[in-house]
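Enquirer: First to last, the sequence lines map onto chains D and Y.
Read in order, the letters of the first sequence are residues 1 to 322 in full-length UniProt numbering.
Read in order, the letters of the second sequence are residues 1 to 322 in full-length UniProt numbering.
None of these hints come from the bench; they were simulated from the model.
Check the hints yourself; a few may be wrong.
[Stated by the list, open to error] With a Cα cut of at most 27 Å, we get these calculated BS3-like pairs of lysine-lysine:
(1) D:K294 with D:K59
(2) Y:K59 with D:K86
(3) Y:K294 with D:K86
(4) D:K83 with Y:K86
[To be verified] Now the in silico label distances, taken between C-beta atoms and shown as ranges:
(5) Y:V237 with D:D212: 33 to 43 Å
(6) Y:R292 with D:A181: 32 to 42 Å
(7) Y:T130 with D:K294: 23 to 33 Å
(8) Y:V237 with D:F39: 38 to 48 Å
[Claimed, not checked] To give an idea of the chain D side of the interface with chain Y (calculated C-beta under 10 Å), a few residues:
(9) M1
(10) S2
(11) G3
(12) V82
(13) W88
(14) E89
(15) V92
(16) L99
(17) T130
(18) R134
(19) H148
(20) G152
(21) E153
By construction, the Cβ of each residue, glycine as well, lies at the ideal position given by its N, Cα and C atoms.
2 protein chains.
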Amino acid sequence: MSGKYLVTGGAGYVGSVVARHLLEAGHEVVVLDNLSTGFRQGVPAGASFVEGDIRDAAKWVDSSFDAVLHFAASSQVGESVVKPEKYWENNVGGTMALLAAMREAGVRKLVFSSTAATYGEPEQVPIVETAPTRPTNPYGASKLAVDHMITGEAAAHGLGAVSLRYFNVAGAYGTYGERHAPESHLIPLILQVAQGHRNAISVFGDDYPTPDGTCVRDYIHVADLAEAHLLALKAAVPGEHLICNLGNGNGFSVREVVETVRQVTGHPVPEVVAPRRAGDPAVLVASAAAAREKLGWNPSRADLAGIVADAWEFAQHIARER
Amino acid sequence: MSGKYLVTGGAGYVGSVVARHLLEAGHEVVVLDNLSTGFRQGVPAGASFVEGDIRDAAKWVDSSFDAVLHFAASSQVGESVVKPEKYWENNVGGTMALLAAMREAGVRKLVFSSTAATYGEPEQVPIVETAPTRPTNPYGASKLAVDHMITGEAAAHGLGAVSLRYFNVAGAYGTYGERHAPESHLIPLILQVAQGHRNAISVFGDDYPTPDGTCVRDYIHVADLAEAHLLALKAAVPGEHLICNLGNGNGFSVREVVETVRQVTGHPVPEVVAPRRAGDPAVLVASAAAAREKLGWNPSRADLAGIVADAWEFAQHIARER
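Chain D extracted, bound-state conformation (with noise of 0.2 Å):
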C-alpha cells in the first residue's frame, strides 16, 4: 500500500538516499529542506521539492501525509561546539515545530534521526539503547532532547514514533551519496586523499587502548541504513516511542579504513598523526539487536571493503560533475 511521506531533510546525504527508497517502493515523497547544508541535486528525481525550514513546518505539514521523516537538523560536532545555540534552535526548536505542525494536522506517525553521539563515551560496547545518555557535545545533546520530547509526544499526543541512533553512516547509494562542506566524516575525507584533493589523512591519536591504537567505529552502509527507516514507517505504534541503534555491530579502526581505501582505489594514503581530539571515545559499535528484533532489519552490506567501493564511486562520480 503506497503513502505519502514528508521527508525533511531530504536533500542531505541520508535524507535523499530514504527519499529515493520511498519512492522505489512506490510511496509518493515531499522533500522540505532549506539548503542550509543540504544540496538540490540531491533531491531525487519524482520527489516534491519544497524550500523551506522546519521552522515553518505548519505552512507545508497537512493531513495528506502519512508520516514524517525527519531529518532536517545542524549535524557538525565541531561547529556544535563554538556555535552551541545554532543546534538548539534548528535541532530543538526547528522539532518543536515540527511536532506542533503534525499534531495540528493530524499527522501520527514519525520516523527521527538520532545518532550515536547521544550516548558519548559508553561504559560498555557493544552500546544498548538503555545505556546512559551523555553526550559529549551539544550536537549529541540537542539530538538526545529531541528523542526526549519524542517520548513525550508520543505518550501524551498519540505519536507512533521510532528513533534510529545511527553509528557511522557511509558508503553510497548511486549518485546519492555523502557531501559536506567543509567535509568532516572520515571515509570522504580519506577518498579526497585517495583522489589527491588533499596531501594526507590526519589521524587522532595512536595511542588508544585498541589493536592499532586508533579510534574504532560502527560503519553502516546508508542503503542499509535507509531500509530501516522503511521498516520503522511498519513498526510505528501510535502512543509508543521505539529507540534503536543502527549499526553493524562490527568495528573497524581508523588504520583498517585507511588501508582498505588504498586496497579499493589502488592510490597511495598518506596518514600523518595529529594528537586526539577531546572527546573522541575509543571505540563505539552498536548492539543492532534491537532494530533486528523490533524493526525486523538485517543488514546486507555490512562489508568494508564494499561501502568504500560504493563510496568511492560517488566521490569519482562528483569529481567528474565539477
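Place chain Y on chain D using the hints.
Expert: Chain Y only, in chain D's frame:
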C-alpha cells in the same frame, strides 16, 4: 561587595525566597516573572518587578546585571505528562531566549534551578551528580535539556554557570512560602488536611521496598536552598558549568512526614492509600557532597519538624490572607 541580579521566576516559591536572601545580603534585585504561576505578592519588598516572559528577555537584560538567577519554568510534573509541548516551549525555548539575551548583553554568570527529576529512577542512592540521567517525565527531560544547553554555552561562550538540582524543597521563609495552584506538593497538601481544607491525604502506594512501604524523599528547607544560590554566585567560574545536587542526604517516608505534621500541628490527618503513581521511584535521596565541597554549603535546617513548622506557619498566614 554588592551586586545587581536578575531573578527570573522571582514571584514563585524558591525564586522569591532567593530574591529575599539577595536583598538581605545588600544586593540589588530585579524580578522578571510572567505571573503565570507566580504571585505578585511573592515579589519581595525592595526588589524591582518586571511583569514579562523570559522569551522576551532581551528587552530587560542589559550589561548592568552581574548575574542571572533563573527560576522561571513550568514545573508541574503531572501537567508535563499531558502537555509536554508547554514544557519544551517554556523551559527549553525560554532558556534559549534568556541565554541569547545574556550573551548579547555580556552577562556572563548564571545560576540555574535544575531538579532531581533529571535523574529519573536512580540505580543507586544517595544520588551523585555523575549518575545516569533518565528523566521519566517531560518536566525532568526539559530541565535536563537546559542543563545540557548551559554546559555548551559555558564551554563555547565563557559563561560561568552553576546548576542546582533540587530534591524536595519544603518549608518557608517568613511570609515567603509554597503555594501552587493546583497544589501538588506533599507537605502543603498534608497541611491543607490539617487545616480542614481537605478530607484526607492520599498516600500513593504503601507497598514500596522501604521501611514503612511508602516513598522516601529528601526534604530540604527552602532557606538552606536559598543560601546555596548565593554561594553558587561566588563559585561560578567563567567557561565552567558546575552541577550540584541540593538535598540533606536524609530520606523521610510519606508516613513519617504525615506523622510529623500531626505532631507539629496537633491536628488529625486522615490518610487514604491510593495506587502508586507511574514514574514515582521508591527512594530519592541526594548526595550533597558536591555542594558541600564545591560551594562550601552547610545546610542547617535539616530537621523535618522544623521544616514542617515553618511550612505550617506560612500555611496559617495564607489562610488568614484569604
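Enquirer: Does each hint fit the structure? Answer for all of them.
Expert: For each hint, the structure was consulted:
no.: 1; hint: D:K294 with D:K59; result: violated (34 Å)
no.: 2; hint: Y:K59 with D:K86; result: holds (21 Å)
no.: 3; hint: Y:K294 with D:K86; result: violated (31 Å)
no.: 4; hint: D:K83 with Y:K86; result: holds (26 Å)
no.: 5; hint: Y:V237 with D:D212: 33 to 43 Å; result: holds (39 Å)
no.: 6; hint: Y:R292 with D:A181: 32 to 42 Å; result: violated (49 Å)
no.: 7; hint: Y:T130 with D:K294: 23 to 33 Å; result: holds (30 Å)
no.: 8; hint: Y:V237 with D:F39: 38 to 48 Å; result: holds (43 Å)
no.: 9; hint: M1; result: violated (31 Å)
no.: 10; hint: S2; result: violated (31 Å)
no.: 11; hint: G3; result: violated (26 Å)
no.: 12; hint: V82; result: holds (6 Å)
no.: 13; hint: W88; result: holds (5 Å)
no.: 14; hint: E89; result: holds (6 Å)
no.: 15; hint: V92; result: holds (6 Å)
no.: 16; hint: L99; result: holds (7 Å)
no.: 17; hint: T130; result: holds (9 Å)
no.: 18; hint: R134; result: holds (8 Å)
no.: 19; hint: H148; result: holds (4 Å)
no.: 20; hint: G152; result: holds (3 Å)
no.: 21; hint: E153; result: holds (6 Å)
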